[in-house]
Structures are given as C-alpha cells and as structure tokens.
Amino acid sequence: MLGSIDILYLLDLFGVAVFAISGALAAGRKSLDLLGVVIIAVVTAVGGGTTRDLLLDRHPVFWIADSTYLLVIIIASLFTIWYTQYNDPPEKALLIADALGLAVFTVLGAQITQEVVSNKVIIVIMAAITGTVGGLIRDVLSNEIPLILKRDIYATAALAGATVYLLLQLTTLDPTLNIILGMLIVIGLRLAAIQWNLHLPRFKLED
Amino acid sequence: MLGSIDILYLLDLFGVAVFAISGALAAGRKSLDLLGVVIIAVVTAVGGGTTRDLLLDRHPVFWIADSTYLLVIIIASLFTIWYTQYNDPPEKALLIADALGLAVFTVLGAQITQEVVSNKVIIVIMAAITGTVGGLIRDVLSNEIPLILKRDIYATAALAGATVYLLLQLTTLDPTLNIILGMLIVIGLRLAAIQWNLHLPRFKLED
Amino acid sequence: MLGSIDILYLLDLFGVAVFAISGALAAGRKSLDLLGVVIIAVVTAVGGGTTRDLLLDRHPVFWIADSTYLLVIIIASLFTIWYTQYNDPPEKALLIADALGLAVFTVLGAQITQEVVSNKVIIVIMAAITGTVGGLIRDVLSNEIPLILKRDIYATAALAGATVYLLLQLTTLDPTLNIILGMLIVIGLRLAAIQWNLHLPRFKLED
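Residue numbers (full-length UniProt numbering), protein chains in the order written: chain A, 1 to 207; chain B, 1 to 207; chain C, 1 to 207.
Hints are computed from structural coordinates only; laboratory data are not their basis.
The beta carbon of each residue, even a glycine, is placed where N, CA and C say it ideally should be.
Keep in mind that the hints are not guaranteed to be accurate.
To be verified - Sample of chain C residues lacking proximity to chain B, with all beta carbon distances greater than 10 Å (derived):
no.	residue
1	Arg29
2	Lys30
3	Leu184
4	Lys204
To be verified - List time: in silico BS3-like cross-link candidates among lysine-lysine, alpha-carbon distance up to 25 Å:
no.	chain 1	residue 1	chain 2	residue 2
5	C	Lys150	C	Lys204
6	C	Lys30	B	Lys30
7	C	Lys30	A	Lys30
8	A	Lys92	A	Lys150
9	B	Lys30	B	Lys150
10	A	Lys92	C	Lys204
11	A	Lys204	B	Lys92
Stated by the list, open to error - According to the in silico footprint, chain A covers these stretches of chain B (three or more CB under 8 Å from chain A):
no.	segment
12	23 to 30
13	52 to 65
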C-alpha cells in the first residue's frame, strides 16, 4: 500500500515528466537537434527545484541525490519526440497536465523550504520559484521573453496556492489535506484562467 | 542617532529601491503583467547580491536572511506602477539615483566580500558583480543584449570605485571615509559618462 | 620536469584561454565595448566550471581559489582584441583549438566530479556541463539561441568522451592514458563533425 510520502514522490515524478514534455515541445518549435531537445527538457523540469536548492544551500541538489528524476525526464522527452512524429501534441491535455505539474512543484517546494526556513514570505517565494523558474529558463534559452512574466495567472496561481497551503497549517486540518487543498487552488486558478482567459492587468509604458 | 552601520544599511535599502524601480520601468516597456513587473523588479534588485552570495557560499543569501529587502522592492515597484500611470518617469533623476545605487552596491559588495576573501582581484570582481549582475539578468529576461556590456562606463565605474576603495585601505584614512570616496568615484564616473557621453572604445568584428 | 598533474593544469589553462578567445570573438560580432568583451570572455571561459562547482557545492569556486585563470582569460581576450584589429581570426585553427578546449574541460570536469560524487550518470552530466555551459551563457548574453542546442555534435561529443573516460576506468589501463583517450574521443568526434558536417537529427514541430 502506498503511503502519503510515496504518493507525493510519484506526483513529483509526474510533475517532472510534464515539465519535460513542455520543454521538449518548446524545443521542437525552435527546431533544435535531439540532444538540444533533451537538454531543454531537463532544464525545464529541474530548473525550478535546482534554483531553490542553490538559494537554500540544500545539498546534494535533488536530482543529484536521486537520479530517478533524470531518468523520468529523458524517457518523457524521448517519448515526446517519438509521439509527435505521428500525432499532434494534445494541447488541451497538456495545459491540464501542466497545471497539475505547477501545483505539485509549488506545494512540494513550500514543504521542502519549510524544513530549512521559517519566514513565511520566503517559503511562498521559494514555492513559486520551484514551480516557475524551470519554464523561465526554458524561455530564456529559446530566446523568448519568459511566458510567466506575461501569461495569465501563472506565477500568480503558484503564489496563491503556496499562501493557502501555509494558512491551512494554522488550522487543525490534516497535513495531507492541506497539501491537496493547496494544489487544488493552483490547479483551479490555472484552469479558470485558461477557460475564461483571465489575466492580471498589463503594465504598459511608452518607450 | 544613526551609526555608520545604520546609514550603510539605509543606503543599501535605497540602492535596492532604485534598482527595483529601474527593473519595473524596463518591464513596463515590454508590457508585462503586474506580477511580471514585480518579478523583474525583484530580480534586478537582488540579482547581483544573490550571485555574489552564491559564488562566495555565503548563506543565508542576504534577502533570505532579512525580508526587509523584499518589502522595499515590492513597495518600490508598486509605487512605480502607480506613479507612471499619471506621470512620465523622471529620467534624469533616475539616472542619478541609479548611479547612487550602483555606487552603494559596489562598495558594500566589496566590503562584504572582504569578510570572506583576501584576494584583491576577487574582491573587485565581486564588487562589480554585486553592482551590475541584477541589471544584466533584467536585460536577459527582457530579451535584450545586456546594457552593461555596451553602455558607456557602467561596469567600468564599478571596477574603478572598488579598486579605489581597496587602495584607500592602504592609507590611514578613516574607514568610513574610504567608503564615501569609493562611492564618489563610481558616482562621478557615471555622471561624467552621462554628461559628456563618454564610453569605452567598441570592439567591432565583421561577421 | 613536468608531472602529469602539471600538464593537466597547463591544459586546463589552455582550455580557458581558447574559450576566452571564442567569447571575445562572439562579443566582437555584437560590437560590445572593451569591458563587455572581457566580461563575455570571462563568462564563456569560467561559466561551465562555475556551474559545476555551484551544483556540487564545491567551494571556493575554482577561479576564486586560483586567480591564474582570470589572468589568462584577461590576457587572451586583450590579445584577441589587438590581433583582430590587424588580422582575420584564424577560423580553422580556432575550431580545432575549441575542440581541444572542450575535450580538456569535459574530462577534467569528470575527474573533479568523481572526487565528490560516485553516481556515473551525474559524473557524465557534470562533465558535459563543465564543457558546454560557458558557451551557452555566452550565447544567452549575446541574445542568441545557444549553439550547443543546435550544433552538430557538440554536447554529444562531451557526453561521449566523458562516458568513454569512465568506462576505461573499469579496465587496467593507466589513469593518464584514460584521460588522454577520453579527450581524443571528444576531439575526434568534434573534428569529424566539422569535417563531414555531421549532426544529430533535428526535431521540428509545426507551430
């Protein structure tokens, strides 16, 4: 029987796989070579957690400590390359999977940061870094302005989910339930943003 | 009464605020959303000191150790967004403020590095990294070639100010005076470069 | 008489010089100022090893521990600026020198990583990071999609060389010979790729 820790670990691997697929697809749009695709997939999937670990001086960095992450990423990116030779990428399914990946990374990022830091503001920021920096590096390497700086409710969803997760810890709810509710906030905000095209106001300056 | 350490701390917060404003304005020119603007402001303001702290293995990183920095940045960027709805940014005042911010970051960066490293070349480089890397990351995220690699006497001013600051330590001058003189070198060079459009020679290769 | 460690050190300095030259030339194509050129040269030459050291928590970072690296980089980039005022860059010689630099960085990167990590996959990846990340940062700062993500057998050569170097350690060959053979694999693959225009298949998605 799976305990809640095993389920969190499986969710984490799922998040890594989803982000690797999103990285591989972005790389495909820039017509990189096969290894370039795998590199972008790796960076997208581990960039957020690696940045968090370096900032918190948490060593060994998570994917150095456990190679399962790299294995999952490589398999996911090779699968993506193979699959998209014959099929269109299932855009809608990927958006939902990406929302789930963001939710997992964010709440697990908050949990990991709590082990070493007590300041709530820092925990929320590290959670958002865990969820979003991989995609940000993916976009920088693809020579694009990072989507998370422009896109409808992405980093916002991570900040909100991490905040709710921390607030729930002040209640007497079961810790596992806190995790699930924190993730649901992220997923709900992302899917609502996609469905109704919600976005934060833009800030536009004349040159 | 404020001691010299308090004044340095206030100057540091001033530098952080100025760099946050410059980040927010750069973000506005790319029409990012509100959170994107705050993210760019944070990265611009803390990027240099964070890079220094990571390279020197100095933990906790300064803004993780003291959240006042983040608070100042968030206030400064929200103020910028609000202010520029009704007014043009005061370009000239900002250039002067930016020169002051560069001066503060550079000399305080040198001082912090001296606590852990004795090699003078490394101290000067870490001082320049503290002063310039935030703006460099801002430009990379905005999908531009970093200004400091092209612009008139910017990193140059930081290197010169840090060098003078270290040289003055060989004299019997008061340490506080060394700090002030180091900063004045940076400010003087920057303002002279702006006033008379000074720049280093360009290096131009044919493709 | 030089021992094998001294020769490795000299090779390492050679690699640093070659990468600094490649950085300076890339900067020249973007018409940066003189200090901008030196900054790009430094980042290209130390970016890979610095990333490796940060990820492995290996402090002090190699160029902070030994300023000879910076000295070599600054001399190499100033020489490049001076030389190209009067001559075309010797493209062919540079490609060969770059292959040698990649070989040195990769195998020495593997060797250094082995001192702190036993997992072979991580060692191979850190070797490739040591060899390629400097060039990747150079391209990001030059506002280009990194060449190593697109170019014929570059990161691939690093991965192959590091893998062969590790496999040879399972044999009874002399350790110095393993180093040489690992480097020859990298050099051979790079030169073959240049000579016959070999490249990995591209992965191209429709937008």
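**Request:** Starting from lysine 150 (chain C), check that the Cα of lysine 204 (chain C) is at most 25 Å away, please.
**Result:** 12 Å, holds
**Message:** With the threshold set at 25 Å, check whether the alpha-carbon distance from lysine 30 (chain C) to lysine 30 (chain B) stays at or below it.
**Reply:** 22 Å, holds
**Message:** Check whether the Cα positions of lysine 204 (chain A) and lysine 92 (chain B) lie no farther apart than 25 Å.
**Reply:** 20 Å, holds
**Asked** Should the label of arginine 29 (chain C) as a non-interface residue stand, given a Cβ cut-off of 10 Å to chain B?
**Response** 5 Å, violated
**Asked** If you draw a straight line from the CA of lysine 30 (chain C) to the CA of lysine 30 (chain A), is it 25 Å or shorter?
**Response** 22 Å, holds
**Item:** Separation of lysine 30 (chain C) from chain B, once the least beta-carbon distance is taken, above 10 Å
**Value:** About 6 Å separates lysine 30 (chain C) from the closest Cβ of chain B, which leaves it inside 10 Å; violated.
**Asked** Under the criterion that the straight-line Cα-Cα distance not exceed 25 Å, is the pair lysine 92 (chain A), lysine 150 (chain A) satisfied?
**Response** 20 Å, holds
**Prompt:** Are all beta-carbon distances from lysine 204 (chain C) to chain B longer than 10 Å?
**Reply:** 23 Å, holds
**25 Å Cα cutoff - pair lysine 30 (chain B), lysine 150 (chain B)** = At roughly 20 Å apart (the allowed maximum being 25 Å), lysine 150 (chain B) and lysine 30 (chain B) satisfy the hint.
**Asked** If you draw a straight line from the CA of lysine 92 (chain A) to the CA of lysine 204 (chain C), is it 25 Å or shorter?
**Response** 20 Å, holds
**Message:** If you count the residues of the segment 23 to 30 of chain B with a beta-carbon closer than 8 Å to a beta-carbon of chain A, do you get 3 or more?
**Reply:** holds (count 6)
**Asked** Holds or violated: is the Cβ of leucine 184 (chain C) farther than 10 Å from all Cβ atoms of chain B?
**Response** 32 Å, holds
Checked against the numbered hints above, the structure violates hints 1, 2; every other hint is satisfied.
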